[in-house]
Amino acid sequence: MTEDNSTLSPNIPKRPRTIDVVRKNINKRNAAERRFQLYGKVAIALAISFVFILFFDIINKGKGAFVQSYIALDIYLDEQQIDPDGTRDPAVIADANYFGIIRSNLREMFPEVSSRQERRNLYSLVSSGASYQLADLVREHPEYIGNTFRLWVPADDDIDMLIKGYIDRNIPEDDRRIKDNQIAWIDKLNEEGRVKTQFNTTFFTAGDSRDAELAGILGALSGSFFTLIVTLLLSFPIGVAAAIYLEEFAPQNRLTDIIEVNINNLAAVPSIVFGLLGLAVFINFFALPRSAPLVGGLVLTLMTLPTIIISSRAALKSVPPAIREAAIGLGASKMQMVFNHVLPLALPGMLTGTIIGMAQALGETAPLLMIGMVAFIVDVPSSFTDPSTVLPVQIFLWADSPERAFVEKTSGAIMVLLAFLITMNAVAVFIRKKLERRW
Amino acid sequence: MSVVMGEFMGSTGLLLCLLVIGFIAYQLGIRRASALVSGRISQLHSLPHYHGYFSALAAIGPAMIVLAIWLSLHESIIMNMVVGNLPETMTNKTDGEIKLLINDIRNLVNGNVIATNLTPEIQQAAKLYSDHRSTSFQLLTFVTFAITLLCGLSGYMSLSKEKRARNAVERFMMFFLIASSTLAIFTTVGIVFSVLYESISFFGKVPFTEFVFGTQWSPQTALRADQVGSSGAFGAIPLFVGTLLISFIALTVAVPIGLLSAVYLSEYATEKTRSIAKPLLEILAGIPTVVYGFFAALTVAPMIRNFGTSIGLDVASESALAAGLVMGVMIIPFVSSLSDDVINAVPQSMRDGALALGATQSETIRKVVFPAALPGIVGGILLAASRAIGETMIVVMAAGLAANLTLNPLDAVTTVTVQIVTLLTGDQEFDSAKTLAAFALGLMLFLTTLVLNVIALHIVRRYREELEV
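Just so you know, the protein sequences line up as chains A and B, in that order. FYI, our numbering numbers position 383 of the first sequence as 368, with every residue one higher than the one before it. Add 492 to a position in the second sequence, counting from 1, and you land on the number used in our numbering.
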C-alpha cells in the first residue's frame, strides 16, 4: 500500500519515521541532558565554594586576633619616685608617673637613641595601656616597690603586626607604618628573648578601645546578652500566644485575615524600617534612653515576632487532631486542651523556631544603628539601660578602622559571632531531631 | 547614670516585688479554695489552682497595667513640666533648640557632665527634673502597692465554692492571646505612622516632585546662613537607580545559581548529596549581613579593583559590583529554598507523563516542570528582589556615599538604605530636612518592599491553589 501511495503522489516527500528522528537527535538531546546536569552541579559547587571562601577568608584574617605580642620590660620601681614618704597610701601610689617609668625604662634599654623623633618611635613600641597595667600591678602588689621585676606589656598594634609577620620588611620605609629602627629594636629584643606571643585575654575581657591591642569584645558581648534577654522575654510568650490564637481559636473572619497578611508582610519588611519605627516610637515618643539594650531588645522583638509566630504555628499544626479530640472528649475546656495537651507537644518545635529567631536577632545590625547603638562605648554595660553596643555593631565599627590590627580584631569578632550562631543553630537542630515527635 | 539607673533598678525591683506578691497570692488562693470545701475538691466549680491564678491575677494584673502606663508616660510629662517652668526667654525657641536644652538637663541629671553652657536656670531645671522624678517614683510605688492590696484583697475575698474562677482566668488568657496576635497589626500601623508623619513634614520642606524626580542628591544643608556649598538637594533618583543597579547585579548572581541548584537538588541529587548540600547552602542564609559587608569591603572590592586595574579598567574602590556580587551570594539560599518549594509542589504525575512520552529528564524539567512552577518561581524572585532592595549592611560597608547617577557597575553608587543610615547616624540636627529625608526614604523603601511582597505572596498563593486543585 505504501509503495502505491508514493507512486501515486511522487511530489509529496516521504514522511520520516519517528524512530529515525529520535535516533538522529538522541545524541544532541543526551548532550543537552548532560550539559543541564553540569549546570546544576556547577551552581551548587559555586554556592558551596562561596561558603568555604568566606569562612577561609575570615579565619585567615582573624586567627591572629586571639594571640597578642608582649614585650618584656625589666622595671625598677624607685620608691623615691612612687611613694617618697613610704606611706603605701593607694592614692599616692596611683598618682605616680608610671608613664614616665615605662619611657625611661625603654630609654635605658636603648641608650643610643637620642633624637626626639627616634625617642617617639621607641616609646611607641609598647602599648599606651602599659602604664595603666603597671599602675594596677603596683596598686595590687605594693611590695614590688623598691624592687626590680620583669613585666610583660602588650606591644603596640603596629609592632604586634610586625611580630606576627604581617608587615613586609622589603617595601620602602616610607610606605609602611613601621620604621627601620623600630624593626631593628624589635629584632634585638627578640634575640634577648624579650618578645613573646601568647593567648590574647584582653580580647575577651576588655571593652572597646581606640588602640587595637587594648580593644576587646566583652562590652559588645554583654550588650548583645542584655539585648537578647529582652528580646527573648518579650518575643517568646507573645509569639507563642499569637500562634496559639491564630491556630487554635481564631474564627475565619476579616480580622484574622488582616492579622495573617500583616504577619507575612512584617516577615519581609527590611530590618532597617524596624529601626526607623524604634527611633520614632520608643526614643522620640516614649523618651526611652538612646543606645540602650532595652530599646534594642524591643526593636528586635518586633522584628523576630513573625519568625517565631510562623514556626510556632507550624509546630501547632503538626500536632494531630486526635489529641485535641481526646482532651475535649474527656471534658477539658478548649483552653485546657490547648495549654495542657497541645502546647506541651508543640513546644519543641516552638523552641526550635525561637532559637532560630534569636540567632537572627543576634546577627542583626541595621535597626540597632538607627536607635543609636553605634556610639563608641568603652565601659562594659551592666544593665538594660546602660549605653551599649552589640557584637555585630562592634564588627561594623571596627571594620571602619583603617589599621591592619583592627582588620584582625574585626575578623576575630566575626569568628566569635559565627561561633555563637553555629552553636545556636546546632542546638535548634538537636532539639528538632531529639525532642520533636513525628506522628 | 545615677538617677535614671537607680530608677530603672527601682522599677525592676518593683516588678520583682509584684511577681513575688503574685506567687504568694497564688498559693493563698489555692489554700483558700481547698479550705472552702474542706479538701473535697469535687465540690468546687473550678479546680483549686484556678482559684490561685485568679487571686494572683487580681492582685498584680491591674497594678502591672498602671505600672506600664506610668513608666511609659512619666518621662515626657515631667520634661514638659520642667520646660514649662523655665523662664520665657529660654523656651520661645525652635523645637530643635528646646530638644538640645532637654538633652543638657538630662546629661546634667545623669551625671555625664559634658553639657556646655550650664546656666543657673539649667542647673535649677535639672534639680527640678530629678526632684519630680523621685516624687513621681515614690508616688508610683505607693499607687502600685495600694492597687495591689485593694484588688488582691477583693479578689481573694470573692473566692467561693461556686466561684467561676476557671472561666475568669480563661477569659483573661483569651484576652492575652488576642492582644498578642493583634500586635502584628499595631507594628504595621506603627511603622506606617512613624514614617508617614515625619515624611509629611519633610514634604512640607521639600516638594514631593523634587524628591521623586530630582536627579541631584546632596543632603548637607547649610548650618549657618553664610555657608557655601551646602545647598541641600533632595532628588532621590540617583539613590533609586543605585539601589536598582546593585539589586540587579545581586539578582543576576543569585537567580541562576539559586534556581539551578534548586533544580539539581530536587530533581537529580541523591538523598545523600541533598542532605549534605542543602544545609551547606542554608549556612549562607544564616551568616549575618555585617559579615558579608566586611567580606565585600575588604576582600571582594579590592580584588575587583586589582583585577580591573590589571586589564586597564578604572574601578572605583567602592564599586557597585562588589556590593552586588556579595549581596547576590547572600540571597542564593533565599532563591534556592523558595524555588525548591515550588518545584516540589509540581505534581509527580506531570513529570511521569512527560517521561512516559520519551522526554529526557532535562526536557521534562525545562518544558514541563519549569513552566508549571514559573509563577511560584517569579514570586520567589520578587521576594528576593525585595530582600535585595532592603538590604542595608552590605551596601553601607561596601557601596559608597557618592550619589552618582550611573549604570556603570564599576562606579561607586549609593542606595536608599545607605542614605538612611548615614542621615540618621551622623551628628543629628533635629527636625532638619536632612533627618526627615531619612524617614521619607524609609517610607519609599517600606512601600516598595510592601508592594513587592504583596504581589509575590499573592502569586505564590494562587500558584499553590492552582496546583492543588
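Just so you know, these hints were derived from the structure itself, not from any lab. Check each hint, because a few of them may be wrong.
The calculated DSBU-like cross-link candidates involving lysine-lysine, where the alpha carbons are at most 35 Å apart (straight line), are [what the hints assert, rightly or not]:
1. K418/A - K302/A
2. K9/A - K859/B
3. K418/A - K655/B
4. K419/A - K302/A
5. K149/A - K181/A
6. K419/A - K655/B
7. K770/B - K13/A
8. K926/B - K48/A
9. K13/A - K619/B
10. K149/A - K9/A
11. K319/A - K653/B
12. K418/A - K770/B
13. K419/A - K859/B
14. K655/B - K26/A
15. K13/A - K859/B
16. K319/A - K302/A
17. K(-1)/A - K859/B
18. K48/A - K770/B
19. K(-1)/A - K26/A
20. K48/A - K164/A
21. K(-1)/A - K149/A
22. K619/B - K302/A
23. K302/A - K770/B
24. K48/A - K418/A
25. K13/A - K26/A
26. K13/A - K(-1)/A
27. K26/A - K770/B
28. K181/A - K319/A
29. K26/A - K619/B
30. K619/B - K859/B
31. K319/A - K764/B
Some but not every residue of chain A turned toward chain B, in silico, with C-beta under 10 Å [to be verified]:
32. R14
33. Q22
34. I43
35. A307
36. F361
The beta carbon of each residue, even a glycine, is placed where N, CA and C say it ideally should be.
Evaluation of the provided hints:
For the given pair, K418/A sits about 18 Å from K302/A by alpha-carbon distance, which is consistent with the 35 Å threshold. Between K9/A and K859/B the alpha-carbon distance is near 20 Å, which keeps this suggested pair within the 35 Å criterion. For the hint pairing K418/A with K655/B, the CA-to-CA distance comes to about 45 Å; that exceeds 35 Å, so the pair is violated. At most 35 Å may separate the alpha-carbon atoms for a hinted pair to count; K419/A and K302/A meet this at roughly 19 Å.
Among the hinted pairs, K149/A with K181/A is consistent with the structure: their alpha-carbon atoms are about 10 Å apart, no more than 35 Å. For the hint linking K419/A to K655/B, the alpha-carbon distance of about 43 Å lies beyond 35 Å, and the restraint is violated. A threshold of 35 Å between alpha carbons decides the hint, and for K770/B with K13/A the separation of about 31 Å falls inside it, so the pair holds. With a C-alpha separation of about 41 Å, the suggested pair K926/B and K48/A falls outside the 35 Å cut-off, and the hint is violated.
The straight-line distance between the Cα atoms of K13/A and K619/B is roughly 88 Å, outside the 35 Å bound, and the hint therefore fails. Restraint check: the Cα-Cα separation between K149/A and K9/A comes to about 65 Å, which exceeds 35 Å; the hinted pair is violated. In summary, the hint linking K319/A to K653/B is supported, as the alpha carbons are separated by about 22 Å, within the 35 Å threshold. Only pairs whose Cα atoms come within 35 Å are accepted, and K418/A paired with K770/B is accepted, the gap being roughly 17 Å.
For a cut-off of 35 Å, the pair hint linking K419/A to K859/B is broken: about 41 Å separates their Cα positions. A C-alpha spacing of about 69 Å is found between K655/B and K26/A, which places the hinted pair above 35 Å, so the restraint is violated. For the proposed pair K13/A and K859/B, the alpha carbon gap of about 16 Å is at most 35 Å, so the pair holds. Taking the CA atoms of K319/A and K302/A, the gap is about 16 Å. The hint holds against a cut of 35 Å.
Between K(-1)/A and K859/B, the direct Cα distance comes to roughly 29 Å. Compliance with the 35 Å bound is thereby established for this hinted pair. At most 35 Å may separate the alpha-carbon atoms for a hinted pair to count; K48/A and K770/B meet this at roughly 28 Å. Annotation: proposed proximity of K(-1)/A to K26/A is violated, straight-line Cα distance about 43 Å (limit 35 Å). With a C-alpha separation of about 25 Å, the suggested pairing of K48/A with K164/A holds against the 35 Å cut-off.
For the proposed pair K(-1)/A and K149/A, the alpha carbon gap of about 81 Å is over 35 Å, so the pair is violated. For the hint pairing K619/B with K302/A, the CA-to-CA distance comes to about 57 Å; that exceeds 35 Å, so the pair is violated. A hinted pair counts as satisfied when its Cα atoms are at most 35 Å apart, and K302/A with K770/B qualifies at roughly 25 Å. Proximity of K48/A to K418/A is assessed by CA-CA distance (about 33 Å); at most 35 Å being required, the pair is judged to hold.
Restraint check for K13/A and K26/A: satisfied, since their Cα atoms lie roughly 20 Å apart, inside the 35 Å limit. A C-alpha spacing of about 24 Å is found between K13/A and K(-1)/A, which places the hinted pair at or below 35 Å, so the restraint holds. For the hint linking K26/A to K770/B, the alpha-carbon distance of about 13 Å falls within 35 Å, and the restraint holds. Note on K181/A and K319/A: the hinted pairing is violated, with a Cα-Cα distance of about 68 Å set against a maximum of 35 Å.
For a cut-off of 35 Å, the pair hint linking K26/A to K619/B is broken: about 71 Å separates their Cα positions. Simply put, K619/B and K859/B have alpha-carbon atoms about 78 Å apart, too far for the 35 Å limit, and the pair is violated. Between K319/A and K764/B the CA atoms are separated by roughly 43 Å; this puts the pair beyond 35 Å, and the hint is violated. Taking 10 Å as the C-beta contact cut-off toward chain B, the hint placing R14/A at the interface holds, the least distance being around 5 Å.
For Q22/A, the suggested interface contact is upheld, since its CB lies about 6 Å from the closest CB of chain B, less than 10 Å. At about 7 Å, the closest approach between the beta carbon of I43/A and any beta carbon in chain B falls short of 10 Å, and the interface hint on this residue holds. A hinted interface residue such as A307/A counts as satisfied when its beta carbon comes closer than 10 Å to some beta carbon of chain B; here the least separation is about 23 Å, so the hint is violated. Because the beta carbon of F361/A sits about 12 Å from the nearest beta carbon in chain B, more than 10 Å, this interface hint is broken.
The structure does not agree with the numbered hints 3, 6, 8, 9, 10, 13, 14, 19, 21, 22, 28, 29, 30, 31, 35, 36 stated previously, though it agrees with the rest.
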